Each structure stands twice: as structure tokens, then as C-alpha cells.
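J.: Residues per chain are reported as follows:
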Amino acid sequence: MDAFTKLTGIAAPLPMANVDTDKIIPARFLKTIARTGLGKSLFANLRYNEDGSENPDFVLNQEPYRRAEVLIAHENFGCGSSREHAPWALLDFGIRCVIAPDFADIFHNNSFKNGILPVRLPRAVCDQLMEDARMGENARITIDLERQVVVRPNGEEIPFEIDPLRRHLLLNGLDDIGQTMQRAPVIDGFEAKQRAAQPWLYR
Amino acid sequence: MSATKPRTLYDKIFDAHLVETLPDGTALLYIDRHLVHEVTSPQAFEGLRMARRPVRRLDGTMAVVDHNIATDASRYTGIDDPESRVQVETLERNVAEFNVPYIPLTDARQGIVHVIGPEQGLSLPGMTIVCGDSHTSTHGALGALAFGIGTSEVEHVLATQTLLQKRAKNMRVTVEGELPAGCTAKDIVLAVIGRIGTAGGNGHVIEFAGSTIRALDMAGRFSICNMSIEAGARAGMIAPDQTTFDYVRGRPYAPQGEAFDHAVEWWSTLPTDEGAAFDKEVFLDAAEIVPMVSWGTSPEDVLPITAAVPDPEAASDEARRAQLRRMVEYMGLTPGQKLTDLKVDVVFIGSCTNSRIEDMRAAAAIARGKRVAEGVRAMVVPGSGLVKQQAEQEGLDAVFKEAGFEWREAGCSMCLGMNPDKLKPGQRCASTSNRNFEGRQGPGGRTHLCSPAMAAAAAVTGRLTDVREIAQGKH
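So the protein lines, in turn, are chains A and B. For the first sequence, this note's numbering begins at 1152 and goes up steadily by one. For the second sequence, this note's numbering begins at 41 and goes up steadily by one.
No wet-lab data here; the hints were simulated from the structure. Don't take every hint at face value.
To be verified - Result set (EDC-like, lysine to aspartate or glutamate): computed pairs, CA atoms no more than 20 Å apart in a straight line:
no., chain 1, residue 1, chain 2, residue 2
1, B, K209, A, D1314
2, A, K1344, B, E129
3, B, K464, A, E1201
4, A, K1191, A, E1201
Since we're looking at a predicted model, the values are computed, not measured.
Throw the hints in and build the complete structure from the sequences for me.
T.: Below, the structure is given as C-alpha cells:
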């Protein structure tokens, strides 16, 4: 996983609530056995017409948002299925940060595991950032994870909250499986105790 | 933690599986059962292979195929779609390489992962259960802590049998009273989601409680916990009781004999203690529940079947108005139109929400002696090979076939549009599944979520129908 420290880039406004993971990547694109290559299917039903041509009204088909690295949306982003293909598709497209008033729990988790930073900010702030984003090329936004601030194009800094462990893993690009593996003796101990108390859980 | 402090069902199972608490408060949680399917596992096995890590608990893991497969006879002669085929073959290669127990397509026990887990006794009360699928919340109906995870977490569990978790908040939804005629568990959960919204349970685990819930059979309880995720809650739970124990007894992977009695002793200590605190409480009066149907493209957009399509312009803020306009347009509706005037093209009875034998019986009771309306395609997809067998022993397949329904093989089918069973653009479907998102059942497809009896009623009248009118012989 790539570390996330500080990002300055173009932000795409997506003024929608309840952006579900079927919208982010429809199920017919989940048939891959790789993590990469899903960017072209990101928001497929919104991004492409039935004949496969681009829908010019969709933000990611417009300049400069084809190069967006930040997405700004409304409430409950990422609701629905547990598919990690949703953050994989965002990442493959080039999105490294999503800003929204809140996120569905599983998507929120999955983002961190893939080096995508989900930032929770109040609805009014998201709306303000969306207005900034509509200025396109002239509205680069900075997300500084080290300092926990979003910097608007006018230089105003907006602080955000983040879980300290997740911040640490993201800043360092750490894989948490390796860390948990180091706790193997503690897990062994738990299993021995559980096996004695509830032997039916072991076969 | 003091031993005397009253705890919730969730707290008790969480505490019993706490391996250790990390310095920042994150819990390392032990996972008893890991269910694996073909869509969300290939990249996890690939990760293990790259890091040369084995699967830690083969006896705690079970794999099955369900999402990609066809639900007609063609599935036995190979999968047509090359990508689907690769995904299924990849799972088969992975389970062989890592020695993971596997129920293959040709096995009578094959079916939807959330149907076969409980059916085989792989899912038990008091367990922590995960699967790379958000509808893992289903298994919470047994009084287990069950939730969906992403592929990175699938890999984490395969390698370590644990997960890093933050403790969720406790929410309780209490439903009291007798459920009115024509209403089912599905109507309860749709009413709950309509009330609290699709983000209402975010950050929480929902315990469903009250006399109405206690009176439900296990199939109904599974339907309710299944859709907890549609209210934003990763897990739904129901306290284990005699109904639960009777369901579990004798299942292949359940403890047998003395071990079963010993297990029941422990399971009986799990229900929420008197006086335990909940962060959020919601109360519903069962008497107020009516047969429900979704009209929009989010599971919170549900209405009683007696209602009409809402007017987007009546919403209070512009963002919501824009959202409702989009839904009305996508769903091909006119504000003010009665829901019972909506003609359906397809009826889908199945999915991890409603494909158990009780669901088959409820649908068959409506279909018996009737005909599927002209121009309607109606399909019944049992949740597992064993549900199918039992339905056939009861003659339900004949009821469906005589009425013009398709009687199909077990799988996820038309719930999610990643196998041959899909809606065509513009088609309207009465569906017993769980999500009415845009394009969920196929690009451009229009989904109306409802109970099995309501779906069967729509099949025979050709439009969304109040099932209570069928029962009264009006159709």
C-alpha cells in the first residue's frame, strides 16, 4: 500500500447523498481476480451511455476532473455492499481522498486498507469545498494528513479528525496483517483457552 | 470492565472474542467462522501467496460459489461468461492450494453463502462470523456477531483468524405486538429502514428485540438481520432463544449430544442483561406495520403498498428535491401515481434475504391455483440445493410451475446482476432481494423490494399488489 502524507490536486464535486458501492462500481465489473484495472469502470452507469460512449454531463468526463485526485460528496458515501472493488476503482482512476459529511462503515474501513483517505467534514464545509472544486483547474485543494488539515484554494485551513492508529498506518503505508502476525503468541493463547471452554468450535 | 455491569448481547460476544486491546483502544477480535465466496476472495488468496502465509484455521473456514453462477441447467456444463468462469475456477484453485473446505457447485448443499452457513450449522449462536459480503449480517439472527468485511480484511482473517476492530455503538430496535395479516419479517425490516434511513445505523450494531421479533421463526429473523446493513449497521442481532436452539439442533456442523447441551448453557447467558445501556433506541408498534414496497432507488424509500408515488417538489430542501426527481425519473414514475397501478415485467423470488423454505411456502401459498399474468417473467430461486430439495418434497415446485413461474437452481441470481439473471434496461421488477440501487439488478433495471408473498401477488396480477386483497379473494 502506498503511504498517504500530503496531496495537492484537483477535486471533483459529486453533489449526491448515499453514493452506493453499486454506483461506484456495478457488480458486473467485480469479476476480476486482480486489484488493478478497475478505474475505467468507476461510476460506469453514470459515466457511460448505454452504447458505451461517455456521458458528457458526468463530472469525471469533464476537464479538468478527468485528472481528479479528490472527490467531494454528500452524506453516507459508500453505502451498500462490502466490495473492496469500490476503493480499488477509485484508486485506479487516481482518487486518493474522498471528502464527505460521513461514510458507510465498511467502505470507510476498506479505503484505509488501500491508501485512500476518507475525510469527514460537516455538510456546510463540504458544500463550500464543492464550490471551490467547481472552479476547476484554478482550485487545487491540499489534504495534509500529517497536520490533519484540508487547505482551500484561498489558503484557509480546515482541520479534520482521524483515528490515530489509522493515521499512523496511512502515513507509513503499513500493512496491518504483518503487525497482527507478530501477535501470534497472544492469538495462540486465546485459542487454547477458547478450545477448553467451547470445544465444539474446533474440529 | 466490571462483571456486574449489565451488558448487551453485542458486548458479551465482543468481550468473549477479545484477544487483546491495542494501546490506542483498537480491539484484536477473534473470528470463529470465516465464510468465503468467489467474488471477494481472489485478491486475498493472492496476497497470502505473495507473502507465503498459510490459512490459520482451516476448520474455521468454508468456501462456496454463489454470486457468478447461472441458476439454470447450463451451470453444470460450464460457465459461459469467461470472466465469471475465471473467478469460479480461481476459487477452486485457491481452496485446493490452501486446503480450505469447499462446497462445490455440484454438491446438493451448495447455495447462497448466507443461507448455507446457518443451514449447515456452520453459523452458531455466540460466534463471531465474517464473510467478504455485506449481507453477513444475516447470521446475527442466531445470536451471533456477524458482519461483512472487505477483501483486505478477508486476507487478514485467513492469515490471522482475527480482525482489528473498533467497538461499535449499541442500538436497539424494539417491535412489540402481533403482526397484522399479510405482513412479514420483510415488512418489519423495510418499515425500520424507512424510519431510521440508510445511514441510521452507521457505527452501530442493531439488536432487534420485542415480542414481535421473538414470535418470528428463524427465516423471518434472518430476513431482518440480513437487511440491517441497508440501515447502515454492519451487524444485526437477535437474542438466542428456544426457537434458535431448536433450529440449530442436529445440523451437520453444530455440536451434537452432550456438547450441544453444554453449548446451549453458554448461549443462554448471551441475551442482553436487564438495564444494559443502548446508545440509540427505536420503538415500533407491530399493529402499525402494513405490507411495504420500495418505490425509489435507496432501501429507505419505502412506502405502504396502499400509498402513492411521492411528489419530489414537496420535499423540504433542494438537495433532497433533486435526489427525489432523479429517483422518479430513473424509476419511470409519475408523482401521485398509486403504487398498485405499477405494472411489473419481472418477479424475482430469491436472494439471501428471502430464499428459505418458509419464503418458498409463503410465495407458493399465493401462487397456488393461479397463473402468472400475461407478459410477466416470474422466477423462483431457492437459496440452497437443500431448500430446493425440500420444496420439491413438499410439491412447491409443482405449484410454481403450474402457475407459470420458473423453478430454478440455487444461487444469488437476480439480486445483483453479475450472473446471467439480469433485468433489461427499463424493466420493472417486484423483488424479494435487499437492494434497489440504480442498476443493481442490471443496468437500467427498476427494483421494487417486497416480501415473497407480495412478489408472488405481483406475479399473478401483473402489477404491484396488496397481498391482503389476494388473501380476501379479490384477484
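J.: Determine for every hint whether it applies to the structure shown.
T.: Results of checking the hints against the structure:
1. B/K209 x A/D1314: With a Cα-Cα distance of about 16 Å, the restraint between B/K209 and A/D1314 holds, given a limit of 20 Å.
2. A/K1344 x B/E129: Violated, because 38 Å separates the two Cα atoms, which is more than 20 Å.
3. B/K464 x A/E1201: holds (11 Å)
4. A/K1191 x A/E1201: At roughly 15 Å apart (the allowed maximum being 20 Å), A/E1201 and A/K1191 satisfy the hint.
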